[in-house]
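From just these sequences and the hints, can you work out the full model?
Number of protein chains: 2
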Amino acid sequence: MAFIFLCSSLFLSAQNKEEITDQLKHIYKESLTSGKSYDWLDHLCNQIGGRLSGSLNAERAIQWANEELNSLPIDSVWLQPVMVPKWVRGTFEYANIESSPGNTINVNICALGGSIATPSMGIRSNVVEVKEMEDLARLGKEKIKGKIVFFNRPMQADLINTFDAYGGAVNQRYSGAAEAAKYGAVAVIVRSLNLRLDDYPHTGVMSYGDLPLQQRIPAAAISTNHAELLSSMLALNPKLRFFIKQNCKNYPEVKSYNVIAQIHGNQTPEKIILVGAHFDSWDLGDGAHDDGAGVVQSMEVLRLLTLNDFRPKNTIRVVLFANEENGLKGAQAYAEGVKNNKEKHLLALESDTGGFSPRGFSFDTSKKYYNRILSWKSYFEPYYIHLFDQKGSGADVNLLKGNALVLAGLRTDTQRYFIHHHSDRDTFDEINRRELEMGAATMAALVYLTDQLGLE
Amino acid sequence: MAFIFLCSSLFLSAQNKEEITDQLKHIYKESLTSGKSYDWLDHLCNQIGGRLSGSLNAERAIQWANEELNSLPIDSVWLQPVMVPKWVRGTFEYANIESSPGNTINVNICALGGSIATPSMGIRSNVVEVKEMEDLARLGKEKIKGKIVFFNRPMQADLINTFDAYGGAVNQRYSGAAEAAKYGAVAVIVRSLNLRLDDYPHTGVMSYGDLPLQQRIPAAAISTNHAELLSSMLALNPKLRFFIKQNCKNYPEVKSYNVIAQIHGNQTPEKIILVGAHFDSWDLGDGAHDDGAGVVQSMEVLRLLTLNDFRPKNTIRVVLFANEENGLKGAQAYAEGVKNNKEKHLLALESDTGGFSPRGFSFDTSKKYYNRILSWKSYFEPYYIHLFDQKGSGADVNLLKGNALVLAGLRTDTQRYFIHHHSDRDTFDEINRRELEMGAATMAALVYLTDQLGLE
Numbered sequence: 001m002a003f004i005f006l007c008s009s010l011f012l013s014a015q016n017k018e019e020i021t022d023q024l025k026h027i028y029k030e031s032l033t034s035g036k037s038y039d040w041l042d043h044l045c046n047q048i049g050g051r052l053s054g055s056l057n058a059e060r061a062i063q064w065a066n067e068e069l070n071s072l073p074i075d076s077v078w079l080q081p082v083m084v085p086k087w088v089r090g091t092f093e094y095a096n097i098e099s100s101p102g103n104t105i106n107v108n109i110c111a112l113g114g115s116i117a118t119p120s121m122g123i124r125s126n127v128v129e130v131k132e133m134e135d136l137a138r139l140g141k142e143k144i145k146g147k148i149v150f151f152n153r154p155m156q157a158d159l160i161n162t163f164d165a166y167g168g169a170v171n172q173r174y175s176g177a178a179e180a181a182k183y184g185a186v187a188v189i190v191r192s193l194n195l196r197l198d199d200y201p202h203t204g205v206m207s208y209g210d211l212p213l214q215q216r217i218p219a220a221a222i223s224t225n226h227a228e229l230l231s232s233m234l235a236l237n238p239k240l241r242f243f244i245k246q247n248c249k250n251y252p253e254v255k256s257y258n259v260i261a262q263i264h265g266n267q268t269p270e271k272i273i274l275v276g277a278h279f280d281s282w283d284l285g286d287g288a289h290d291d292g293a294g295v296v297q298s299m300e301v302l303r304l305l306t307l308n309d310f311r312p313k314n315t316i317r318v319v320l321f322a323n324e325e326n327g328l329k330g331a332q333a334y335a336e337g338v339k340n341n342k343e344k345h346l347l348a349l350e351s352d353t354g355g356f357s358p359r360g361f362s363f364d365t366s367k368k369y370y371n372r373i374l375s376w377k378s379y380f381e382p383y384y385i386h387l388f389d390q391k392g393s394g395a396d397v398n399l400l401k402g403n404a405l406v407l408a409g410l411r412t413d414t415q416r417y418f419i420h421h422h423s424d425r426d427t428f429d430e431i432n433r434r435e436l437e438m439g440a441a442t443m444a445a446l447v448y449l450t451d452q453l454g455l456e
Numbered sequence: 001m002a003f004i005f006l007c008s009s010l011f012l013s014a015q016n017k018e019e020i021t022d023q024l025k026h027i028y029k030e031s032l033t034s035g036k037s038y039d040w041l042d043h044l045c046n047q048i049g050g051r052l053s054g055s056l057n058a059e060r061a062i063q064w065a066n067e068e069l070n071s072l073p074i075d076s077v078w079l080q081p082v083m084v085p086k087w088v089r090g091t092f093e094y095a096n097i098e099s100s101p102g103n104t105i106n107v108n109i110c111a112l113g114g115s116i117a118t119p120s121m122g123i124r125s126n127v128v129e130v131k132e133m134e135d136l137a138r139l140g141k142e143k144i145k146g147k148i149v150f151f152n153r154p155m156q157a158d159l160i161n162t163f164d165a166y167g168g169a170v171n172q173r174y175s176g177a178a179e180a181a182k183y184g185a186v187a188v189i190v191r192s193l194n195l196r197l198d199d200y201p202h203t204g205v206m207s208y209g210d211l212p213l214q215q216r217i218p219a220a221a222i223s224t225n226h227a228e229l230l231s232s233m234l235a236l237n238p239k240l241r242f243f244i245k246q247n248c249k250n251y252p253e254v255k256s257y258n259v260i261a262q263i264h265g266n267q268t269p270e271k272i273i274l275v276g277a278h279f280d281s282w283d284l285g286d287g288a289h290d291d292g293a294g295v296v297q298s299m300e301v302l303r304l305l306t307l308n309d310f311r312p313k314n315t316i317r318v319v320l321f322a323n324e325e326n327g328l329k330g331a332q333a334y335a336e337g338v339k340n341n342k343e344k345h346l347l348a349l350e351s352d353t354g355g356f357s358p359r360g361f362s363f364d365t366s367k368k369y370y371n372r373i374l375s376w377k378s379y380f381e382p383y384y385i386h387l388f389d390q391k392g393s394g395a396d397v398n399l400l401k402g403n404a405l406v407l408a409g410l411r412t413d414t415q416r417y418f419i420h421h422h423s424d425r426d427t428f429d430e431i432n433r434r435e436l437e438m439g440a441a442t443m444a445a446l447v448y449l450t451d452q453l454g455l456e
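Taken in order, these protein sequences are the chains called R and E. By the count of this note's numbering, the first sequence reaches residue 456 at its end, each step adding exactly one. By the count of this note's numbering, the second sequence reaches residue 456 at its end, each step adding exactly one.
Simulated from the structure, these hints should not be mistaken for lab results. Be careful, since some hints might not be right.
Same chains, same label: a pair holds when it works inside one copy or across any pair of copies.
[Stated by the list, open to error] Result set (EDC-like, lysine to aspartate or glutamate): computed pairs, CA atoms no more than 20 Å apart in a straight line: (1) Lys29 with Asp164; (2) Lys377 with Asp42; (3) Lys377 with Asp389; (4) Lys36 with Asp158; (5) Lys367 with Glu59; (6) Lys25 with Glu381; (7) Lys342 with Glu228; (8) Lys367 with Asp135; (9) Lys377 with Glu456; (10) Lys313 with Glu19; (11) Lys391 with Asp164.
Here is the structure:
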């Protein structure tokens with residue numbers, strides 16, 4: 001690595017290095033002193049709010065972004081149509097634990113995205129607690145049939161990167177219902193994917209796989225505090241009953257849009273550098289960290305790179321992807337378009353790890369381009385950007401594999417992320433302005449370096 | 001650097017490296033899954049609270065730490081007496097802007113630590129706004145005499161390390177009153193050292209230098225929102241008057257203590273590895289970040305390094321220093337004792353940058369020892385610890401210069417720090433459990449490496 005670093009540096013004259021260093025300084029300064037990301041996010045979260053695919057709020061958000069991007073001194077803004085799923089939570093969910101007839105304790109749940117409703121009178125049944133998917137086979141139909149399966153494996157707290165802990169627990173939420181239904185369960189309750197104990201249930205996408213309609217069962221998340229409570233009460237009284245009522249519903253797909261905006265390159269406009277984020281969020285909270293932060297940071301990159309009449313060599317494009325949370329339909333439509341139009345992307349960079357202090361990037365690329373980017377590492381040092389790993393990129397840009405030289409994801413400090421993720425706690429007031437702005441500048445810096453120095 | 005790194009690595013056999021890697025994993029796991037730092041901090045902040053030097057709360061905190069440390073399986077705990085200043089805020093401060101006679105707007109201020117009171121009827125006078133200390137000489141006695149000087153230079157938002165921004169603005173708070181008094185000012189108002197606009201005034205130590213008692217003038221901080229307001233109103237009406245009333249008071253010094261605890265080394269007990277923090281805080285808020293976090297992290301280091309009957313080679317000592325905020329008397333007493341007893345410290349590590357995600361350390365040491373520590377950098381990589389710079393250590397351990405081979409300070413993510421610092425916003429609910437625990441583990445890791453691998 002050290003050797004490669006020294007070699008690539010030779011391509012830059014001393015003067016160039018200084019100039020680039022100055023430009024990055026300018027980018028960070030502008031973001032931290034006159035940035036627009038925070039005010040944009042304030043509007044998106046507090047004037048519009050959560051923007052689940054297919055909702056009225058999602059439409060309003062798309063319209064707003066279209067207008068805001070049109071107000072920037074850029075070349076074009078357009079909407080790419082895409083059909084997205086429409087799932088609606090309905091009236092709020094209700095659940096309780098019945099320790100003995102008539103003796104109930106209310107608990108906090110929320111339907112998982114894509115779940116069916118319970119019968120209108122709800123479901124009351126005994127509960128089987130499991131930790132692993134394999135527990136289902138071990139217990140078998142005999143012990144599961146007619147019961148509510150309670151998935152209660154906590155996220156692993158000693159994993160330093162909390163996304164690793166998420167990855168180790170998310171199968172309960174995504175596949176729990178489909179698996180439990182095979183053994184005759186009547187509903188599933190999943191411990192919220194939250195590393196701390198609190199009262200907020202966390203939603204998120206689930207799938208019934210290829211389970212026939214009539215075999216599907218309702219699925220909900222329970223707050224971590226109430227998961228602990230239910231588990232304790234079950235230990236004392238395995239005969240207790242759980243009541244769950246929810247009236248969420250899946251509707252036919254509706255039309256939505258990717259919002260796209262760009263500045264044309266003045267040397268090789270056919271080469272595209274993409275920055276993006278997903279525009280949809282869950283309906284709980286206002287989607288500030290997931291992924292409002294990424295949205296306004298991507299917009300800010302475009303704004304920062306149009307200041308002082310700067311013209312990029314390559315086309316810089318922002319894509320606000322529809323429907324990442326429960327379908328990836330926006331990313332699919334965009335990738336399809338890229339393929340059909342034979343567009344060439346140099347870099348596709350996504351921000352989807354919350355508006356926290358940026359630590360660096362993760363890349364999905366060849367050794368050659370990875371080493372090229374590593375040779376820029378010292379430019380990032382003054383900004384405490386140190387992480388340049390190769391552990392994937394982002395859910396949306398990932399679909400551009402084969403049509404982009406470098407896929408990348410911004411990586412932030414993840415310790416607080418799962419307090420907020422997919423819950424009522426993902427709100428604008430939990431965003432720190434400087435951290436958000438540092439993230440935008442860090443993305444702009446990578447885009448600037450890629451544009452000016454090139455990947456070859 | 002690369003060369004040195006490779007050489008030092010050779011001293012460790014593969015087996016040792018693996019063992020050390022495992023031990024660090026264990027340290028982090030223990031801190032994140034069974035750590036005591038968060039519960040300790042909860043007690044310190046919510047059952048005791050702010051603990052300004054000389055206050056009853058400071059005494060209660062010392063007693064509590066003494067008891068808690070005595071409950072650990074360590075060799076000794078003792079209190080080192082030290083005389084500390086006693087300054088008391090008195091009843092809350094009051095201030096307003098009088099735009100025309102009888103037409104007033106209340107503004108949020110707090111007395112600076114060490115300031116004298118106003119006369120009991122308060123002070124009402126015209127205001128001179130300045131940005132730089134040099135503005136005083138430029139304006140001269142003629143324009144300052146009889147007026148209130150308003151220091152309104154904001155912290156520089158484009159400095160990435162917010163402590164650099166603090167360093168660039170703190171002279172207004174520390175020396176503003178002494179300097180303005182020389183030109184006949186009757187009081188000073190200082191813009192709070194906060195990077196964002198909000199309603200909380202931030203206190204902190206100030207000094208009159210060698211100004212005679214009768215020339216001293218009251219000094220207070222004003223919230224950033226109200227600093228902006230005052231500045232705007234002054235621009236419209238330079239004749240407006242400001243009213244300030246505060247009844248804080250300096251008392252004679254009182255007795256307090258450094259709290260010290262240690263495990264004896266089983267190979268070279270005469271060599272000491274110190275971890276510490278300052279135990280005093282300001283009276284606003286409950287001193288959670290400054291420096292309750294450092295206190296409980298230091299205690300946690302000792303706890304972590306006594307698990308599973310681990311015995312260190314060298315003596316591991318925790319020092320909770322009295323009176324860092326307004327006198328450094330605890331650090332002075334400790335350093336004096338070290339000198340008198342000819343104690344040898346290998347490492348003295350302080351945590352005083354808040355309970356945020358740890359990023360690394362700053363060192364004050366020779367090139368030799370710095371390179372030695374750099375050779376351990378890869379051990380820290382799994383924990384996202386990347387910062388190993390040479391920009392000082394900590395206010396307390398700094399006094400051990402000449403009696404310690406390595407002085408060091410834990411360095412955290414600083415973006416949020418000055419929201420809280422010295423204000424009502426420095427409270428336990430602003431602490432993230434995982435971030436605090438990561439910091440404790442990171443300190444323990446450096447102590448463990450220093451102990452097991454040695455600095456030579």
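- Item | Violating hint indices (sorted, rising) | Those not satisfied are hints 2, 5, 7, 8.
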